[in-house]
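Engineer: Spelled out from the first residue to the last, the chains are:
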Amino acid sequence: MAGLAAKFGSGAMTNSVAEIADNDALFVIGSNTTENHPIIALRMKEAVAKGAKLIVADPRKIPLVKYATLWLRHKPGTDSVLLNSIMKAILAEGLEDKTFINEQTQGYEEFVQSLDPFTPEYAEEMTGVPAKDIIEAARIFAAAENAGIYYAMGITQHVMGTNNVLAVGNLAMLTGNLGKRACGVNPLRGQNNVQGACDMGGLPNVYPGYQKVDVPAVQEKFEKAWGVPLSGKIGMPATVMTGAMLEGSLKGMYIFGENPAMSDPNTTHSVKAFESLEFLVVQDIFMTETAQLADVVLPGASFAEKEGTFTSSERRIQRVRKAINSPGQARSDLAIIDQLYKRITGQGDLEIAADPVAIFDEIAGLWAGVAGMSYGRLEKNSLQWPCLTEDHPGTEYLFKDGFNTESGKAIFSQVPYVASKELPDKEYPFVLTTGRQLFHYHTGTMTRRSSGLNKVAPEPFVEVNPADAKILGVNNGEKLTVTSRRGQIKLKAKVSKIVPPNVVFIPFHYSEAAANLLTNDAMDPVCKIMEAKVCAVKIEKR
Amino acid sequence: MDTQMTETLEAIYDRCVANEDNIITVLQEIQKEFGYIQEKVVLWFAERSNIPASKFYGVVTFYSQFHQNPRGKNIVTVCCGTVCHVKGASRIISKIHEDLKLKEGQKTTKDMKFTLERVNCVGACSIAPVVLVNEKVLGKVTPSKMVKSLKAYKD
Amino acid sequence: MNSEIVVSVCMGTGGIAAGGDMVMQAFEKEFEEAGVSNAIVKEHTRLHKVGCRGFCARDVLVDISVGGIISTYQYIQADMVNRLVKDHCIGKRPVTEWMVGDDYHNFHDSQTKIVLHDLGKIDPESIDEYIRVDGYKAAEKALTTLSPAEVIDTVKRSGLRGRGGGGFPTGVKWGFCAANESDQYYIICNADEGDPGAFMDRSVVEGNPHAVLEGMIIGAYAIGASIGYVYIRAEYPLAVERLHMAIKDANERGFLGKNLFGSDFNLKIKVKLGAGAFVCGEETALIASIEGERGMPRAKPPFPANKGLWSKPTIINNVETLANLPHILNKGAEWFAAIGSEKSKGTKVIALTGKIRNTGLIEIPMGMPLKDIIFDIGGGIEGDKLFKAVQTGGPSGGCIPQQHIDLPVHYEGLASVGSMMGSGGMVVLDETDCMVNISKFFLEFTQSESCGKCVPCRLGTKRLLEILTRITEGEGKEGDIELLQELAEDVRDSSLCGLGMSAPNPVLSTIKYFRHEYEAHIKQKKCPAKVCSKLLTFFIREDMCVGCGMCVRACSVNAITGEKKQPHKINNTLCIQCGSCFDACKFSAVLKE
Amino acid sequence: MLNLNIDGKDVAVASGTTVLEALRLAGLEVPTLCHDERLKPFGACRLCIVEIAGMPKPVTSCTTPATDGMVVKTNSERLYRLRKTTVELLLSDHPNDCMVCGSSGDCTLQELAYLYGIRENRFLGEVREHSRTDHNPFIIRDQNKCVMCGLCVRVCDEVQGVGAIGFSERGFEAKVIPPFGHDLDCEFCGQCVSVCPTGALAGSLWAGKPRSGGVVKTDTTCTYCGCGCNITLSSHGDKVIRIDSVADNHNRGWLCVKGRFGYEFINSNERLTTPLIRKKKGGEFEKATWDEALSFVAEKLSAIKEKHGADSVAGLCSARCTNEENYLFQKLFRVGFGTNNIDHCARY
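If you read the sequences in order, they're chains A, B, C and D. Mapping to our numbering: the first sequence position 351 is 332, numbers consecutive. Offset between the second sequence (1-based) and our numbering: plus 52. Offset between the third sequence (1-based) and our numbering: plus 447. Offset between the fourth sequence (1-based) and our numbering: plus 50.
You can take every hint at face value.
Here are some, though not all, of the chain B residues that point toward chain D, as calculated from beta-carbon distances under 7 angstroms: (1) GLU91; (2) PRO104; (3) TYR109.
Lysine-lysine pairs mimicking BS3-like chemistry, simulated, CA-CA at most 27 angstroms apart: (4) LYS47/A to LYS92/B; (5) LYS202/A to LYS355/D; (6) LYS134/D to LYS90/D; (7) LYS202/A to LYS214/A; (8) LYS568/C to LYS188/B; (9) LYS192/B to LYS977/C; (10) LYS188/B to LYS496/C; (11) LYS214/A to LYS357/D; (12) LYS92/B to LYS451/A; (13) LYS981/C to LYS197/B.
The set of hints was computed from the structure by calculation and includes no laboratory data. By construction, the Cβ of each residue, glycine as well, lies at the ideal position given by its N, Cα and C atoms.
Input sequences plus hints: build the corresponding full structure.
Structural biologist: Structural data, given as structure tokens:
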């Protein structure tokens, strides 16, 4: 997010899902798309069926590899090296888009210099990807008329996550794949309304619409709109909150619709943090791992029980509609928050229910990106922001008329090599990487309570390469103990070539063997994302 | 699946990839090698080639040349072309059934010595009715001649 | 003086089935033994295998040429070879009593041979022999002196029509194909001869494979195809083997491969084995099969000439069509167009079989009356039975009765009586054949060969078959004939491909000409031809029965009783009309009614 | 542009249009069973046949490219008869059990039988009997009801790229089946269920649930990943009983296993139904009224703020809740407490 915002002035998917089918080349890195974004993956398959070339970069043999023209199996944590070397190869062959670079970017010279060390040979050594494949990837990507890059948490959940994103952006800039149809830089959003939560100012540094809290003019605008003085101090990101809780400066928390006690890396640590709070309120539809730590639990509503809007990965705002009543006394989250808002601020009438339409109009009044939207319009058709005026059709792809940076140009970044925080050693010889599987979602709050899904994918497992399994003397289905410096879990071995030797994979959906007990809470210095994708573990059969 | 079988399959795979062969040719090669098409072999090939097993299975069940079960040592093929039909092929078939003690729907004898099959037309209509025992073509067959011919293969 | 001894043994499938390979071996053995003492035999003997010469009923046919004089022998078996070598080859005294008679010559003399011209004369395994009879001259001429458009024009002017069944003008089809813009074109030789009762293509490929290849070269050049496929039945092992051999030889001589005849034209020919599905004779199913799919037809249009193999323009020609091409190029379009009838030019190869004396492979000029084929070439009905009908066009065709015996055999003629040329199978039926049964036989065939894709074919043929089955089993109902007709018409009109469209033809044509047989089955519960066993009563004629007990042993339900050497009796309440006793009785004492 | 005349109407269509598309553009309709605009034309059901001047036999409009000057007839006695026979043939191999079929009322075959008034069947005969049950948690396969339209096979291959099922055998024996007749073992996206025109493929989750009476449909947006698929919830009372997606939305009606079948949690009896308060640390949760709970929260958080300053409180908003909720939540912290300590867990 922060990475792209710095380069282009916006951090969302530059293009739309439907455009994927018209890509001539696709570069998917750090995204197990078929399992995490199944419907977006359909468009990728469609593109391949129409003749597009697909490059997949992933340490695991993810299902998408089946459709790939080229599969780059790089070592976990070496994404930026791989990306840099591909760009180096593009330059070596003179395949860069000179016009685009000249007219629409800045920082090119320094950037080119920064690529110096990243020869394909160096990259082969660092990433394990043959140099010839790196050159092949460069040719495929640079030769395509329209090339799109797709990535997800596999890129961002690293200590150098921001760097990785910057490198991805560089690649698109270098090949001129921005500002037109069916190309671009596309972060795929893992949850239904990540985009919306960000858009709405669910971030410590920005108000709704990415308007910075530390810019006085912006602060003034919102003070005026909301009628109270506001703080100009950037707040704490979630990952920093953990430390603040432990150290005692953060005392009260209100969490709704999230389960950080299971989704946070190094959860032992974060559970301790929540436990040390003076007061914790959790609002959810189930008694989650986090809710169990709370002082007050408020029963919210599922998506089927409320009115509102979600914003999908492609900046598409869509209506959510109420189909049924909530069970028992459970209430819509909006009603609950509204009640608390009124009680805490002392404003408003407790007897009058919150109206999503009015709130949406308030948002539209404060953020130009959705100024042209209203429930009236959304009732008929969903719209993609930016949608500036009432007759604006919404925006299929971004940067058609330049970038949202000060200069209007996209900015090349220099991305040096940064190693993962915790690399395997003698004591912890395996690299653990985590992720999702098709049949479950996030911490399993919903999917593990759906009997069919739980029947198909009933239990946690750790993927182990057959070669490692042989050394460990473990057969498929036997129990293993996986230990990191932070925790230990027991779960069944799934012996499979999906993972390369020395790498193991554990899905993080299962509370009975929560992968995040093991993961590292080292974080990216810019984005404060934690390094869930790489940590060192040892494995024992017992 | 043992190593030798995997090696054989790997060789077929390489050959077929080199020749740009299709599923049908692959299956013909497999059948040539193993005598029939086993499920595990198809699944191996499906995995190896990224072609869904359902496509292999669809082809196996579509073309009458493919067999999913082991066949007998001797293959008795009765021609069921038009001329053979009007000249009594069906009576020859029922005689063979009786002689080999085959139940309805059963194609291979319990001792795996014989498999009875039908073929649309072998194009030897001038000597109808025609029966093939393995590669040997028998012409102007009658039920009793058929029984006699089969005797030679029984021991 | 020519002292050469040439022996040609018929080694097509028919010849081999009759013992051709044994005869061949016997000759080899005899010559080797005789050669020890006889210098002429040792040095001047050539033993040839030749393809089918048509008269398969007389196999094994052997030609012995001594000093240039050829004698033809029929019904030769291995144990007769010793005498042929001793008397004829060495002693120069032909064995006249084993030689063919006038009827053999009649059989051949009434024919006009273009495609079959060299069959039975040249060794199909020798490219030199093919070259000796002007082989590959036509291809060379086309590639070195004519433009593709001129080749197409020549073929158009010749009036050649597709011999695979449809009868579409070949040159016109080529023209459609060549008119497409494409980076790749394909030519396919359809040798997936699936019609029961047809063996024209097999014989041609076995007997003269180079002619087919030469035809493909000409076609490929005309449309610009650099890749060709021969799709051939795996059930034809000999043809496949000879085809492979011919391709290899042609490649070595530079007739296939790169820069054919010094031109910049390239052609690679691959062989694809069919895996046993009749429907793959249908162009689009054949294409699906070459692509490695289930042979399920695709709807036309678009036609293969526009979007065929891997969606590229593709021409599919049948074996016989291709084998005509070298002759057309060599002798000219006008020569070819002068043969045959007004709308159907040239000749047609026919597999003449069934209840007829002279069965075999023949080639006739288009338009020859049915009568001449059956009674002159075919020598009339076997066993002096009465002619009933002739079934043409295989499962897609119809049955032509006595009343149309003067019908000229060409595309239009056969179509006018509800049948079709098909690939050229002609099965003659006599009075002992039941037309309802024949119709049911073909429906059984088409139902089991239906690919199952479209509704009318998959279910329509099934229901037609069920109705026919109940009629032959005495369960026929009033209205069944009309129901058959209605359903047959609907299946014909709404099926996806040729298989379904033509599957009802046998039903419609037999109802048209033999309705009385259907009525007899339904109303009187009788099968006039005494074929449908469920409608028959079996009994034993006391005066003929010698009491041998064969029938008792044959009966699986113990319905026959009787003392040894005394006339036996059938208990009709137990009898299941299986007919085993009828087959078992050597004294014709079992009768059916 | 190509100019056609269909049933006397002049229609201009772009080149590459099929006759079926052209006639629909002209506002006309023909029955179809094996056609789906999202898949390649197949031409198997033979219901969309039309008569085209110059062509000897009716052709399927779904597979025939429109050409300039084409004169098309979509209806005639002959076409009616052929279509009726086709439907009758299909019914002759179909169990007559609409009363207990989950797809009753949502079945193309049933609709066609009604349209052509087929009460008696001229072609009754052998009916296929596949008595096998598929043991999987999501998809009921009732092969007796399969009309071999191939939509499921094609969607699984062309769209999902999985090929879990395929055609096998031929003739009357032809069927759609997973390889070697095993149980379905796939991604369970249910795309096949969504395209099946009869009850041959149905969702296990909605079997035995109300089919039409009292069923309310609500268009909304999927709650799982960021793809943002449009879905239609079917509910009966306060129970969600089925999820579908219509073909003409931005996800083209396709869903994944979670989106289509992962809705049971909504009706889970583990749902929180009442506010809970833990009065002292380490104690048990006690049920509370809304007023108690809300006042308690407001007091507690305000007290902390008062005592320790605005930045001693923080909120985590939700990447799964609505925009309006998230907006109000951050506003609560910014306005109510004067802090920017707001974030969410999107990073995991």
